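Given next are the chains, with one letter for each unit.
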Amino acid sequence: MIDLGALHTQVRDILETGEVRAVVGWRRGSRGMLAEPVTIATPEEAETLVWDPTCFHNLSLTLVEERKKPSWRPGKPIAVVAKGCDARSLTVLMQENCFRRDEVYVIGVSCAGSGVLDERKLAQRLPGVEPDSAAFDGDAFVCATAGGEDRIPARELMADRCLECRDAHPKLNNVVFGEAQPRAFDPPFAALARFEQEQVGVAERWQFWQRQFERCIRCFACRSVCPMCYCEECVVDSINMAVGADTTAAEKANRIRWIERSASRADNIGYHMTRALHLAGRCIDCAECERVCPVNIPLRLLNNKLEREARVAFGYEPGASIDLPALVASFRDDDPNHFIR
Amino acid sequence: MEAILDKKNLNDWIAALDGWDAYAPALEDGVWSYRPASANAALAHPNTVQPPKGFAFPQREIFFRFEQIKGEAPRLTPVQPEPGRRVVFGVRPCDGRAVPRMDRVFADHVDDGYYRARRKDLAYVGLACHKPQSRHCFCKSVGGSPVSTEGLDVLLTDLGERYFALAVTDVGKALMQAGGALFAKAGASERKAVEQAHAAAVAQPQRGVADAAAAPAALKAGFDSPLWEELAQGCIGCGICTFLCPTCHCFDINDEVTGAAPLKGQRVRTWDTCQFPDFTMHSSGHNPRDTLGSRLRQRVSHKFRYFHENFGMLQCTGCGRCVSQCPVGIDIVQVVNRVAGSI
Amino acid sequence: MGDNIYLPQLARIAHIKEEVGGERAIKTFRLEFENGGGFEHACGQCAMLSIFGRGESMISIASAPHIKDYKQFSIMRVGRVTAAFHELAVGDVVGIRGPYGNSFPVDAWRGKNLVFIGGGCGLAPIWPVIQTAVAQRGNFGEITVFYGGRSPRDIMYQAELEKLRGAVDVHLSVDKQEEGWNAFCGFVPANLMDKEPSPDNAIAITCGPPIMIKYVIENLRQLGFKDNQIYTTIENKMKCGVGKCGRCNVGKDYVCVKGPVYCWDDLKGLPAEY
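Chains as they are written, first to last, in the working numbering: chain A, 1 to 341; chain B, 1 to 343; chain C, 1 to 274.
With the rest of the complex left out, here is chain A:
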């Protein structure tokens, strides 16, 4: 379990000493039980930080956004509170030279046998009830409602990504709270395996995905919430062009529209497939894309599929170490494909 008081003390200390210039964490929001991301810069704010099963957000995203701002100063680090998955995400970002290791102070929080809950599972489990708070007591989520407390076994409420957590203990850390404990839930790719058992044939799967993508409203939340989608200009989105004062008319005119803006099935598929491929070997399964999707497209299945391919074909686990070469930026002499040798 995490000692929140100790985490507060740590945050206060590093802000007081000036070791970091800000801390990115979670605080209680105005929306009932849900936590929300926050960046604090003064020691007095340390105690506003929270840790509970609604700390879904992968806060490495905040850092990526911060880096895009003109106010970004390399040098003095920013601290980020990071779960196991978030720490893997920071690792990939460092592998890709988005940040140097000394620019980020990682305050690890081990999910130590727990995990975040899944709002959709909660809505199904307690229809029409919106708890005021949620906590984890070691075996179960305890949801406080107007009518008392509901104790729901972890398995019934935990997000799939947490049930299948690759590593709940943030390996990359400057300091870590909570213990490393073996996971008691599902092996990685369990949901993917279930999907593959349910949808056996190629035609069946294609039909399934067409139905999923048909719903997409192209709000781009999946991309916007993804720490790995940090490109200034996104190839699958002709909308957000990186235009500066010195971008030439020719550059703007010759820009290819790979995907139209229409939320049509074909363009939606183009968008999601391309995004999935661009995340191969990079996605660390924080599953934020799936969580934020307003129309419930199971994006995690896509990303997991590619993650598993990389693992099976190359023994590659994204986010394992800063020192490893990035999957798509490296090759091996014993690559199974002859064309690359």
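Some hints here could point you the wrong way.
[Unchecked claim] Using C-beta positions, here's what the derived DEER-type ranges look like:
#, chain 1, residue 1, chain 2, residue 2, range
1, A, ASN254, C, PHE33, 17 to 23 angstroms
2, B, GLU230, A, THR17, 45 to 51 angstroms
3, B, ALA174, A, ASN254, 52 to 58 angstroms
[Unchecked claim] Only some residues are given here: those of chain C computed to face chain A with a beta carbon under 7 angstroms:
#, residue
4, GLY79
5, ARG80
6, ALA83
7, LYS112
8, LEU223
[What the hints assert, rightly or not] So these bits of chain A aren't anywhere near chain B, every CB distance computed over 12 angstroms:
#, residue
9, GLY18
10, ASN97
11, CYS98
12, ARG120
13, ASP139
14, ALA184
15, TRP206
16, VAL235
17, VAL236
18, ASN254
19, ILE269
20, HIS278
21, ILE297
22, VAL312
23, TYR316
24, ARG332
What the hints contain is simulated information worked out from the structure, not anything from laboratory work.
As the structure is a prediction and not an experimental result, all values here were calculated from the model.
Cβ coordinates follow ideal geometry from the N, Cα and C atoms, glycine included.
Here the structure of chain A is known, so what remains is to put chains B and C in place on it, guided by the hints.
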């Protein structure tokens, strides 16, 4: 016109609406959305993820097709929507109140023929809320009510085994008349029951905007407040808040090319949002709203100030979707209250 | 489809003139309506021009309203659609819909002195007003035109400006001194202060890059111009032209309807989001 409809007769009523295509909320892949009404439609839904705004203002609208043989003049073929008569069941009062607001936008200055074509034979059968659909509902604080009839053609109120049906418009009356004997006369006891149900619904506590009447002036005074950037701090710049909003209407127009020689394609309208960073970006790269805070301010000010200055009513109907669906917890109620409270 | 507000008319390019070269080149296109189409416009209004397959762009109508045979547009090569315009040749057919926006209240300015201050391609939006004033020369007092470009090669409408002399005081400027340039050297706002036009019974009309407009307005106020004597245009990104798509929205105004022409007295009350 008031009448009583047994719940078990709902589907017979829908079937009796000759010449109308009916839609009702359905749960598919974990998402509540409006689908063609099945033979056993039941109005037992929380509010839909998407409002019914797409019926009159679809996410994608083809304006015309173009074709051009090199060296010749282009040939343009307009595309005119002919959706037929459609009736949407189960519309919540907040989404009903969005309808006249959208009507104003698309009829103001010049009439938008595409919106008009889709809107003219479109009817809404609403369903009163007995209790807030979620803790993020705030219709009462923005001038609405869980039993509002605004924008609806019929309002149904659930009385247990029966609906109390109130025709709001002539179209609604015609829809009910088409049900014929399925509808029974509403007696004094049913009137009393519906009054009580409505009073109980209105009495349900909701969170809300502290002083909606003062919001337009307060947001004007708070235009330069540093709070905008602070409140937008976590914003990831996605389109959820606006795409799910029942009254957001911004759009883009693009040419989609489907063939090169001869040139073939179509000019298409698609939803767009002030929350995308390049929404206002000039070709020169100059961007009048280039920060998250300025874009949050635009969204909130449009709902609570600019629309009011133009049309004398708030644009927000308090459905709460932008609050409940925001990936990072940006809460329009809190934004308005904090900015208004800071001045 | 008479009421299809998004369906353009067709117009043929009758003439192309290269005004300015370089990366941000400017060409002037003369468009003649096909199939007996057309529309009337007022000074300052815009039209949505389209190249099918490329898209649309909102451009100021640079010809005067009394010219009925064609509409003229001076287009800077700056984006996806405008770059495509620069590839077109005489005889090519494009789309045009409009007119959009409000206009300069030229009739209300009868008897007044007019001071025009333009920079870069910002001469085009105010050019119809200059043309109208010159065509009705007796209706107006003194007419002065300030106009500047980066270099002598960046001066658009050179021949037309020379033709104005006699009827109109023309004060040209370039940002940096070059050999052979005998007129003012320096930015447009500085040229304005150098000549000190009087605010008495005068209206100032300015258009150009945002930074130029900002200093021109400051200087006009220094010269004694009141806010209600100063007019300018703002050109936000636009898509629909009919006050619906939301792109050009500034405060309560949709610039494509309430603008592009603004009296500074009104504009200063809007958020500076342009």
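| field | Those earlier numbered hints the structure runs against, lowest number first | value | 1, 2, 7, 8, 12, 21
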